[in-house]
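For the record, the sequence lines run as chains A and B. With the numbering used here, letter number 107 in the first sequence gets 104, and the count goes up by one each step, no holes. Just remember that the numbering used here sits 662 ahead of the position in the second sequence, which is counted from 1.
Simulated from the structure, these hints should not be mistaken for lab results. Check each hint, because a few of them may be wrong.
In silico DSSO-like pairs for lysine-lysine, Cα to Cα no more than 30 Å straight-line [as the list claims (entries may be wrong)]:
id, chain 1, residue 1, chain 2, residue 2
1, B, Lys945, B, Lys1010
2, A, Lys83, A, Lys53
3, A, Lys83, B, Lys851
4, B, Lys945, B, Lys790
5, B, Lys1010, A, Lys53
So the derived label-pair ranges between C-beta atoms look like this [to be verified]:
id, chain 1, residue 1, chain 2, residue 2, range
6, A, Ser1, B, Arg996, 51 to 61 Å
7, B, Glu934, A, Ala120, 31 to 41 Å
8, B, Ser678, A, Asp117, 45 to 55 Å
9, A, Ser1, B, Gly745, 28 to 38 Å
10, A, Ser1, B, Glu791, 32 to 42 Å
11, B, Gly957, A, Ala109, 28 to 38 Å
12, B, Gly688, A, Ser1, 46 to 56 Å
13, B, Ala802, A, Gln82, 52 to 62 Å
14, B, Pro997, A, Ser1, 31 to 41 Å
Simulated coverage check for chain B against chain A, where a stretch passes if three residues somewhere in it have a Cβ under 8 Å from a Cβ of chain A [unchecked claim]:
id, stretch
15, 667 to 680
16, 921 to 930
Quick reminder that beta carbons are idealized off the backbone N, C-alpha and C, glycines included.
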Amino acid sequence: MAASESYPDDLRYHPEHDWARVAGDEAFLGITWYAQDSLGELVHFEAPEVGATVTKDGAYAEVESVKAVSDVIAPLSGEVVEVNQKVVDEPETVNEDPYGEGWLVRIRLTDADEVGGLLDVDAYRAHVAEQ
Amino acid sequence: MSATLRQTPLHDAHVSLGARMVPFAGWDMPVQYAGVIAEHLEVRARAGAFDVSHMGQLHVDGPSAQAFLQSVLSNDVDRLADGGAQYTLLTTEAGGIVDDLIVYRLGHGSFLLVVNAGNRQIAYEWLKEREPRGVDVRDASDEYALVAVQGPSSLDLLGLADAPAFTHAMGEVAGVEAMVCRTGYTGEKGVELLCPVDDAVALWDGVLARGAEPCGLGARDTLRLEVCYPLHGNDITQETDAISAGLGWVCALETDFTGVDALRRVKERGPERRLVAFVMEEKAVPRQGMPIAGGGEVTSGTHSPSLDVGIGMGYVPAARAEPGTELEIDVRGRPRRARVVQKPIYRKEH
């Protein structure tokens, strides 16, 4: 069952429709409700390897629906410390719960200062409204 | 939205149903309503309705119409009786495929061709240029709407008696007089309903009121690919021939038609490459244009909602076309294993 539109207050957002939940020197990354809705039901998550380096604004993974494939853009730089196996096995988890069970990777941040450059929820909502 | 896109008579109905509209072959068409996977599974389990009014309808009439069609189409039109329909190809001298289409025999010297939306103009011009005395080719596409209702429950929902596949008859559906064709593009039992443009909304609303779920072009593509129906422009083109594409069964090589000599030669020598169906053995979704190692290319690919795995079709060297052969597909730089399978990829369990 697809989730209804929401953008949690406690996340930071990237204009390419990615979110980060920062906790200390780590962050969970995922794609926003808007991104999963645009793609449709996900059928494949091409995940990075644990240990891979991700770079802010660079592609670190791919998500695919029946009709399309999309790069996933890193909102922050770091090293992948965990891949969400549940999403690898059941990609539709992202449609059902994009901010909870549907997180994609956990990273160890290499530059915590980057967090300040991300959008807060109000700025991201304004960005979505312009799409 | 570009103002140049054409709209079917059901465009407003799609928008009010919340369809996601996309450009397709110059038309603004619904790609999905509830979701591609849900719609696909609905058609496999029960019944779905598709607006395919973008497809073209060409009337070919006259005392010489049958002989003319026999000379330009690959299949044997002479075998058609009134009320019959036939899948066939419009072929080039070199044996290439201008379009694949269904020809319906309406009566003596009266035929209807339903052609792909993207080939409507080229197919019309192809026939019109070759039209001999005693034949009139007329593009009537703008006069008709076409609604496909497909799935195991489709005939029951519409209150239609069963009829053999590839037949047609006039009938009433939801109070609308329509040409009821036992044809489709999903591999399921179903009908395609041809009606005048002015009746389109009443027909569509009536079909949905009887319980068919609206389905978009997304599900239409996954349904046809699971059963290995080729898509013109992807799997077959003017540069591919019917024998290599596995469409020898719609080529009456004992008859005389455009390109028959070239096709006989391909058949005698054996094709150098063949259009095969394959299933991914690793997680990946094959897509049109991806290279296949050893000299091949994916022509259609998707995620199969019925099988929950990546599937596709593509051309490979004939030596690698046997079912069971392992293929390696280049998925954006990553090699992914697939295996050639017997067509169709999806077969209904009875």
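Next item on the list: Starting from the hint list further up, note which numbers the structure goes against and sort them upward.
Entry: 3, 4, 5, 6, 7, 8, 9, 10, 11, 12, 15 and 16
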